[in-house]
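Colleague: Guided by the hints, dock chain V onto chain D, whose structure is given.
Respectively, the protein sequence lines represent chains D and V. Quick note on our numbering: the first sequence kicks off at 1 and runs consecutively. Quick note on our numbering: the second sequence kicks off at 1 and runs consecutively.
These are calculated hints, taken from the structure and not from any lab test. Wrong hints could be hidden among the right ones.
Below, computed lysine-lysine pairings styled on DSS-like, alpha-carbon distance capped at 25 Å [to be verified]:
(1) D:K34 x V:K174
(2) V:K96 x V:K178
(3) V:K272 x V:K174
(4) V:K152 x D:K13
(5) D:K20 x V:K174
Reference excerpt, derived from the structure (chain D facing chain V, CB under 7 Å, subset only) [claimed, not checked]:
(6) S24
(7) E43
(8) V47
We put the beta carbon where it would ideally sit given N, CA and C, even for glycine.
Given next are the chains, with one letter for each unit.
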Amino acid sequence: MADAQVYEVFARKDHTEALKHVGSVNAADDDLAKAYAWTMYDEENWVEMCVVPRGAFIPITHDGALPLWGN
Amino acid sequence: MSEKQRDPIAQALIDRINDGFMVASEEDMTPGYKGALLTPRTVQGDTELMSAPAYYLAARDAPTIDSRIAVTAIVHDELGHANIAYRIMEDLGVDKRHLVYGRQPHEFKHPYGFDQPLENWAEMVVANGFFDRAGITLLGDVHEHTSYGPLKRALVKVDREEILHLRHGESWMKRLAKAGGEAGEALQRAVDWMFVMTLEWFGLPDDLKRHGGQLDYRLKGKTNDQLRQTWMAATVPLCEGIGIDVPAHWDADNEEYVIDCTFPCRYDPGEKRWLHDEPLTWEQVFERWKKRGPMNERYVEMVQGNGGLFGGRQWQA
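Isolated chain D, as found in the complex:
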């Protein structure tokens, strides 16, 4: 089984609000990350949801170190 990595989950409730970080999942690939995020973070009727592999973030603050998203 491929090693799972952390994907950060972002979503917004309506088109007037900013996309916000709502959580994270451990998944072996992008498709599973989509499925896990969609089923786990179902507390709202999101109009938009997306996942990003943590390694794809390019931090600008914190001296270039990845922040602790943590959730």
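Modeller: Relative to chain D, chain V alone:
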């Protein structure tokens, strides 16, 4: 620990937190802070995780398909909440897979209440009304006060969903009380063991509690006794309002809820009965918790799988 004895680095962090600083990375933490943050997260995650098999089994007694769907949706939420607590820990170097699959049943740190069988619909809805109320009391306080940014953000979803679980439980408690007869009697029997079970959940009274780092580091805001009072302030009027007896009342002179039975005392898990003539010390309560209760192994096995081809259980290897 008095301020004189405290390590100056720890004191500097406490001072920053008191000035409104939110901790956002491991570099910001002292070892004391990290420990005070992580230990309660194990309890948090394990409590959410063990509620899932307990509720799953109880859902079999749901009176309608809609109510059964509601409970299985709650099971889904609880597993998600456990994952959130363990993800917080994972980002601080703890192995999430070990937490879920690598521990033996007695190594889980949930309250004794989730070692008990929920054997009928009345017990299921009182679990939602009492146990989930305890969860929201504890986690709502953490959400409001915590100095750890990732935890504060993570608890938005948890609090929101726990309030729905609570409403489900309280609505059904009112319905069963109104129905009366066998339903009302089953509700009273459930409350009789589950009310005191939840009082224990909040742990040592303040006069016996060793001073921990959680309040200093603002990882929570209220003491154990204050949280127990908050829980009773919601549950005692609820029960009184629907004609259900509870062993506690409001003392207007002292402006606090008072427990009317021997507390803590011995519990007979087979009979689901508190033995009020056999008082215990809190040390004896912790011994009982450590030995775990009747459903501990079954619930952990339900979570960890049966060791089949894809089962995640690791500790049997």
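Colleague: All hints are to be evaluated individually against the structure, with a verdict given for each.
Modeller: Comparing the hints with the structure gives:
1. Only pairs whose Cα atoms come within 25 Å are accepted, and K34 of chain D paired with K174 of chain V is rejected, the gap being roughly 40 Å.
2. Taking the CA atoms of K96 of chain V and K178 of chain V, the gap is near 44 Å; set against the 25 Å cutoff, the hint is violated.
3. Taken as a hint, the K272 of chain V and K174 of chain V pair is honoured in the structure, with Cα atoms around 22 Å apart against an allowance of 25 Å.
4. For the proposed pair K152 of chain V and K13 of chain D, the alpha carbon gap of about 20 Å is at most 25 Å, so the pair holds.
5. Annotation: proposed proximity of K20 of chain D to K174 of chain V is violated, straight-line Cα distance about 38 Å (limit 25 Å).
6. Hint on S24 of chain D holds. Least Cβ distance to chain V is approximately 6 Å, under the 7 Å limit.
7. At its closest, the beta carbon of E43 of chain D sits 5 Å from a beta carbon of chain V; the interface hint therefore holds under the 7 Å criterion.
8. Violation of the interface hint for V47 of chain D is found here, the shortest Cβ-Cβ separation to chain V being roughly 17 Å, above the 7 Å cut-off.
Against the hints set out earlier in the document, violations occur for numbers 1, 2, 5 and 8.
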